[in-house]
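*Asks:* Work out the full structure: start from the sequences and follow the hints.
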Amino acid sequence: DGGITQSPKYLFRKEGQNVTLSCEQNLNHDAMYWYRQDPGQGLRLIYYSQIVNDFQKGDIAEGYSVSREKKESFPLTVTSAQKNPTAFYLCASSTPLDGGLNYGYTFGSGTRLTVV
Amino acid sequence: AQSVTQLGSHVSVSEGALVLLRCNYSSSVPPYLFWYVQYPNQGLQLLLKYTTGATLVKGINGFEAEFKKSETSFHLTKPSAHMSDAAEYFCAVSDDNQGGKLIFGQGTELSVKP
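Those sequence lines, one after another, are chains A and B.
Under this note's numbering, the first residue of the first sequence carries the number 1, and numbering increases by one thereafter.
Under this note's numbering, the first residue of the second sequence carries the number 117, and numbering increases by one thereafter.
Any given hint might turn out to be false.
Derived Cβ-Cβ restraints for the label pairs, each shown as a range [what the hints assert, rightly or not]:
| # | chain 1 | residue 1 | chain 2 | residue 2 | range |
| --- | --- | --- | --- | --- | --- |
| 1 | A | A81 | B | A117 | 22 to 30 Å |
| 2 | B | S130 | A | V52 | 48 to 56 Å |
| 3 | B | P230 | A | E15 | 26 to 34 Å |
Quick caveat, the hints were computed from the structure, so don't treat them as lab data.
Computed from a prediction, not measured in an experiment: that's the story for all the values here.
Idealized CB from N, CA, C, for every residue including glycine.
*Replies:* Below, the structure written as structure tokens:
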């Protein structure tokens, strides 16, 4: 079955360390997204990519970096510059459904990052 | 810019009672609207979505939502709550001008009392 795989499910980071969250999809979707979820704030967009080798900043990109070297993969690095990285991170992908602006979205099961 | 507002971060209902979760949006173009459900430490599951056509949208698990353009609302309802409905619910709008990314509301946590 096609889907999105996020790993690891739980991740612990020491202050000052960079960590990379993995997101892999086998849906052949062009677009991929990273969201951060904090209690009471919903999901906020970190980065998104509409095509391989291209990506754009979302609303809260500071302290994060991404790459899109392959269509299937969109890893997110949380750098030491991110001052409050403890959160739940969700990866998603999308594809146009009818050639227009109607998209179908698929979400991964998330990675919970905790700074210790 | 498009935005979504969910009224009430916590809603509590009794089992068997009506569920009403409120969502208002702002959009300069005809919106695509979504409701998602999230169980603890899991991803998002699509309940229903509005694209075009019929304004009353039926989704999974007995949920439905009505698109009201005049009120810029897309409230989620279910006639009779079950204990299994306890979860967090997110309303979202598709930002069609920027690659279809989703813009989410703040979320509403639904509790169901026995």
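*Asks:* Compare the structure with each hint and give your call.
*Replies:* Cross-check of the supplied hints:
no.	hint	result
1	A:A81 - B:A117: 22 to 30 Å	26 Å, holds
2	B:S130 - A:V52: 48 to 56 Å	51 Å, holds
3	B:P230 - A:E15: 26 to 34 Å	43 Å, violated
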